[in-house]
Amino acid sequence: MDHQQAEFQLHQDDQLTTVVLSGDWVQGQLKGKFSEFESALAAGPITRVTISGTAVGASDSALVAFLLKCHDACQSRQIDFHIDAMPAGTDQLLTLATAVKPHRESKQSGASWLASINPVDMLRAAVQTCRESLAFIGEVAIALTQLVRGKANTRLVDFWSFCYQAGPDAFAIISLVSVLVGMILAYLGAVQLQQFGAEVYVADLVVIGMLREMGVLMTAIVMAGRTGAAYAAQLGTMQTNEEIDAITTMGISPMEFLVIPRMLALVAVMPLLTIYANILGIFGGSIVASGMGISPTQYVAEGATVINFTHISVGLIKSVVFGVLIAIAGCRAGINSGRSSAAVGQAATQAVVTAIVYLIIADAAINILFQQLGM
Amino acid sequence: MADDPQVHIAIQALTMAYGQFVIQRDLNFNVYRGDVFVIMGGSGCGKSTLLKHMLGLITPTRGDILYEGHSFTHASPEEQNAMRQSWGITYQSGGLFSAMSMAENVALPLQLYTDNSDAEIADIVAYKLALVGLAGYQEFYPSEISGGMRKRAALARAIALDPDILFFDEPSAGLDPISSRLLDELIVQMQETLGATVVMVTHELPSIFDIATNSVYLDANSRTMIAYGDPRELRDHTDQAVVRQFLKRGSTPAGENSNGQ
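Chains as they are written, first to last, in my numbering: chain E, 5 to 379; chain S, 21 to 281.
None of these hints come from the bench; they were simulated from the model. In this text the structure is predicted, and so the values were computed from the model without any measurement. Yeah, the Cβ is synthetic: ideal placement off N, Cα and C, and Gly gets one too. Some hints here could point you the wrong way.
[Unchecked claim] Between beta-carbon pairs, the in silico distance windows are:
1) E:GLY349 / S:GLN40: 32 to 42 Å
2) E:ALA346 / S:ALA139: 21 to 31 Å
3) E:GLN19 / S:ALA139: 24 to 34 Å
For reference, chain E alone in the conformation it holds in the complex:
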């Protein structure tokens, strides 16, 4: 469709100005028209503007959008504004659009990125986050004491369903990851050990590595991405649907009803998954070892010499701690989530990131502790 160029002409008569519009006032035709009008306003002392539409051809929302801007510009300069002979309906639309005064109190715009890296603010935010985390952990502890005293509103059926979601559903991914991690460990050690002709000690390396460190850590990272994010998304959506409000007003603590079953499920499932991951990891190592000429019997015999209760329990203790941390990171992000779809996404992201940070810090701390204890 070809449109006539939209134009306007000013007829100045003392302090009264008539603006005659002509051409087609449709979207895509009005580039720069408003700034021309504004400079005309600024040019002289004008007390009254009449915009006349006698020569307007086609028009659509763009015309009223233009008139609205002119209206606002005139109003801010205390100039009388009138329109005349506009296409049908335009008067009504303009009246409607100007009926409510614009909302002036703009919301504080997001601070610039420079302000956001202000170290004082960052420190303050970090302290605040730590306090909130501690408060959350405190609430969890209170809910747990309620549970122990038998007064908590925690439903066993929830606990079982979360156990199922966190456990058997995760077998496939845990299997894949642990076999591969076992193989990676074996390769890593084999290349070094070969130089001393000590290939057979690959078994020791894999067994100790998996039991104490890699089995539990990889399981925890998978669970943080899988279950921690799911918890955050579930609780975030419940927050959005006002389900958490409903739970609170029914007199039920969201901690007892939502957080505790999820956390206990992870605590129950994590050690089992860790044992499973350890076995598969050691198996993965044996595949690589047999590729280097170490028979499975040799591998098992050598491996068995280093397996002991301490190594196994180090891994299991870690798995319980990690389970608690993943659940806390996930549930905290979900419960504190905002009430929009974007906020739920942020909550899920935050859950995974926080959980992984917690995991690494806790792992380092536990390792140092055990070393001091001589375990």
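Following the hints, put chain S in place on chain E, whose structure we already have.
Structure of chain S alone, referenced to chain E:
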């Protein structure tokens, strides 16, 4: 414009079903250009389902829906999308994108379907928001404004492309009487100035009598439409007791007309 009514939307022998479960069968009615058309009925009778059929979110089990004589049901997905561009739709809970500000919400259809410059789109967004009384709220997010404002913002988004047909699903649900009245007035004004056809699902009686020019009543028991026409006429003259009862808010149809014409 009302002197010779032109059929805008035609529903022909429409049967809606979820699998074997029939919700409504044999619906036949026309929506005329410039109508404010109300789909009424008790809860669970399939009002919203009918609207979803008209929007193409659900495919009819049998029958056809025609827009200006063109079959929508049998159109290809591309043609359906082209037809949808002349519609403005507001959903029951607004359907605003919560991750976008008001301005971005209203600007989205303009960015998708017009090649206007950003400055021009910003002007039109300002105008559409001003129309619904939300001037200056461009930078607010849906979560930061009230429910009534969200409904109006959804209307602003629906009219962004100057639509031919406006669909509303329960526009005034959850609004106080004053806001709901204002929204009704806004709908009528939009309809008049844009020359659009309005189709709405509602069971707010004041709304129905204030703004509807035509309506259809879906009955949940017989699973079909049992009344069609101007709701004021239906209230006083229909022979369907259920419809009279619905339109008189359940007061028993004893036959007396307290607010005589």
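Here's how the hints hold up against the structure:
1. E:GLY349 / S:GLN40: 32 to 42 Å: holds (38 Å)
2. E:ALA346 / S:ALA139: 21 to 31 Å: With Cβ atoms ~27 Å apart, the hint holds.
3. E:GLN19 / S:ALA139: 24 to 34 Å: holds (30 Å)
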